[in-house]
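**Q** Sequence:
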Amino acid sequence: MTDVLRRGRASLAFSFFAQGVAFALLVTRIPAIQDRYGISDALLPAFLAAVPVLAGVGSVTTEKLVRRIPPSRLLRWAQPVVLLALLGVGAGDATVELAIALAAFGLAVGALDASMNMLGVSLQRAYGRSIMLSFHAVFSLGGIVGASLAWVGAHWDLALFVSYLPVVAVLLPAAFVGSRWYVDSDAPEPVDAQVGGGGGGVVFKALLPLCLVMTFAYIGDSTVSNWSAKYLEDVLGSSEQLATVPYNVYMITTLIGRGLGDFGVRRFGAVTVVRVGAVVAAGGFAVVAVAPGAWVGMLGFTLLGLGLCVLVPQTFAAAGRLFPGASDAAVARLNVFNYVGFLIGSPLVGALGDAWSYRGAMLVPMVLVLVTLVYARSFAAQPDRYGGGHERPRTADVGRGSNGL
Numbered sequence: 000m001t002d003v004l005r006r007g008r009a010s011l012a013f014s015f016f017a018q019g020v021a022f023a024l025l026v027t028r029i030p031a032i033q034d035r036y037g038i039s040d041a042l043l044p045a046f047l048a049a050v051p052v053l054a055g056v057g058s059v060t061t062e063k064l065v066r067r068i069p070p071s072r073l074l075r076w077a078q079p080v081v082l083l084a085l086l087g088v089g090a091g092d093a094t095v096e097l098a099i100a101l102a103a104f105g106l107a108v109g110a111l112d113a114s115m116n117m118l119g120v121s122l123q124r125a126y127g128r129s130i131m132l133s134f135h136a137v138f139s140l141g142g143i144v145g146a147s148l149a150w151v152g153a154h155w156d157l158a159l160f161v162s163y164l165p166v167v168a169v170l171l172p173a174a175f176v177g178s179r180w181y182v183d184s185d186a187p188e189p190v191d192a193q194v195g196g197g198g199g200g201v202v203f204k205a206l207l208p209l210c211l212v213m214t215f216a217y218i219g220d221s222t223v224s225n226w227s228a229k230y231l232e233d234v235l236g237s238s239e240q241l242a243t244v245p246y247n248v249y250m251i252t253t254l255i256g257r258g259l260g261d262f263g264v265r266r267f268g269a270v271t272v273v274r275v276g277a278v279v280a281a282g283g284f285a286v287v288a289v290a291p292g293a294w295v296g297m298l299g300f301t302l303l304g305l306g307l308c309v310l311v312p313q314t315f316a317a318a319g320r321l322f323p324g325a326s327d328a329a330v331a332r333l334n335v336f337n338y339v340g341f342l343i344g345s346p347l348v349g350a351l352g353d354a355w356s357y358r359g360a361m362l363v364p365m366v367l368v369l370v371t372l373v374y375a376r377s378f379a380a381q382p383d384r385y386g387g388g389h390e391r392p393r394t395a396d397v398g399r400g401s402n403g404l
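Residue numbers (numbering that gives the first Met the number 0): 0 to 404.
Any given hint could be a false lead.
To be verified - Simulated restraints on C-beta separations: (1) 40 <-> 176: 40 to 46 Å; (2) 233 <-> 169: 34 to 40 Å; (3) 127 <-> 29: 37 to 43 Å; (4) 127 <-> 165: 35 to 41 Å; (5) 102 <-> 164: 18 to 24 Å; (6) 239 <-> 99: 22 to 28 Å; (7) 165 <-> 204: 24 to 30 Å; (8) 173 <-> 52: 26 to 32 Å; (9) 278 <-> 34: 37 to 43 Å; (10) 48 <-> 366: 23 to 29 Å; (11) 255 <-> 29: 24 to 30 Å; (12) 168 <-> 292: 40 to 46 Å; (13) 155 <-> 9: 29 to 35 Å.
The hints are simulated quantities; they were obtained by calculation from the structure and are not laboratory data. Note that the structure is a prediction, hence the values are computed from the model and not measured. Ideal Cβ placement from N, Cα and C applies to all residues, glycine included.
Hey, can you work out the whole structure from these sequences and the hints?
**A** So this is what it looks like as structure tokens:
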């Protein structure tokens, strides 16, 4: 059983890593994609918004499918589709080809994100201790690697297809081979595991606080990813080169925070870690809002990475604890609010920045992140409470390898 769990954890971690690489390669090369396909500035937002919308559709569809198909099987086929869709983005010439590739990418990403986190939640339950943050730390590492590879492609002026092909050629077979060791929960999801369903199903009223936390966390994250460079250059007067640094710093501190976060959960409990993360993230937004110059602004973005990084993984873990008999359905429904936050965050900050000021706009995600404190007790649901004398013994509720399905 121990070897099964270890192989399952390692293979799932690689899946998170591959997803981090693929997503970073897409979002960091958006200017090159726009140039390749001749997409106007007016049309670009529609293409970008379509991806998270379709990802939400993919996540909802996954909720329905896992009643009959194990999450491991969905993940096994969703990840290759994501990687091939990325390659399709680099290979096309016509706008309609880009639309098809991005549609496939969005739908598959929704299924991929949902099924990865389903398996992560069930593995954490099997381990009897917090390991969820480690998976998201590997995702952050993949994001750093993907962004670095994107920089190389841009620096050497490589065509998108040439830039993407070696990455897909390495990740695709590795992910497919690794999928042999994915581990599903032995406990079947109830047929009525749906919002409002009884008999162990997901009750939306109980899930709502976690949905709000997920939304607020991604509003904060999208604020950093979409506005940090512009904020440093236009508001704080940095150079164009220095303006590219905050997002890299944010990703690195996210990796560090998630790498250490599981130890904090085991020692102090999830509630404390979430509260500290929310306060640190809010402090980061406050520092960014009042920063007199670029270096102080970068300090704020550093704090943001350390604070926001714990919220999303712990929200998924809390959903699994709240609905132990319907964790897959809970994770899939919660995952939709990942994309809701992403869709809201960037336009919200941009609209407030244009109508008011970008300094003032930074206070909005700050307040939203602080609202997480109101819902912190939702992260302490029984019976799975990790840390601070609440460590559960190792259990055997997970252990069926996907290759045996």
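**Q** Please check whether residue 127 and residue 165 have a Cβ separation lying inside 35 to 41 Å.
**A** 40 Å, holds
**Q** Taking 26 to 32 Å as the stated bounds, is the beta-carbon spacing between residue 173 and residue 52 within them?
**A** For residue 173 and residue 52 the Cβ distance comes to about 30 Å; the hint holds.
**Q** Is the distance from the Cβ of residue 233 to the Cβ of residue 169 consistent with 34 to 40 Å?
**A** Roughly 38 Å apart at Cβ, these two residues keep to the hinted range, so it holds.
**Q** Given the hint of 40 to 46 Å, check if residue 40 and residue 176 actually sit that far apart at their C-beta atoms.
**A** Cβ of residue 40 to Cβ of residue 176: about 42 Å, so the range 40 to 46 Å holds.
**Q** With 40 to 46 Å as the target window, see if residue 168 and residue 292 comply at their CB atoms.
**A** 44 Å, holds
**Q** Should the hint that residue 127 and residue 29 are 37 to 43 Å apart at their CB atoms be regarded as holding?
**A** 42 Å, holds
**Q** For the pair residue 165 and residue 204, does the Cβ-Cβ distance stay inside 24 to 30 Å?
**A** 48 Å, violated
**Q** If you check the beta carbons of residue 278 and residue 34, does the distance land in 37 to 43 Å?
**A** 42 Å, holds
**Q** Between residue 48 and residue 366, does the beta-carbon spacing fit 23 to 29 Å?
**A** 24 Å, holds
**Q** Quick check: does the Cβ-Cβ distance between residue 255 and residue 29 fall within 24 to 30 Å?
**A** 27 Å, holds
**Q** Within 22 to 28 Å: is that where the Cβ-Cβ distance between residue 239 and residue 99 falls?
**A** The hint (22 to 28 Å, Cβ to Cβ) is violated, given that residue 239 and residue 99 are roughly 34 Å apart.
**Q** May I ask you to test the hint 29 to 35 Å on the CB atoms belonging to residue 155 and residue 9?
**A** 33 Å, holds
Hint violations for this structure: numbers 6 and 7, all remaining hints satisfied.
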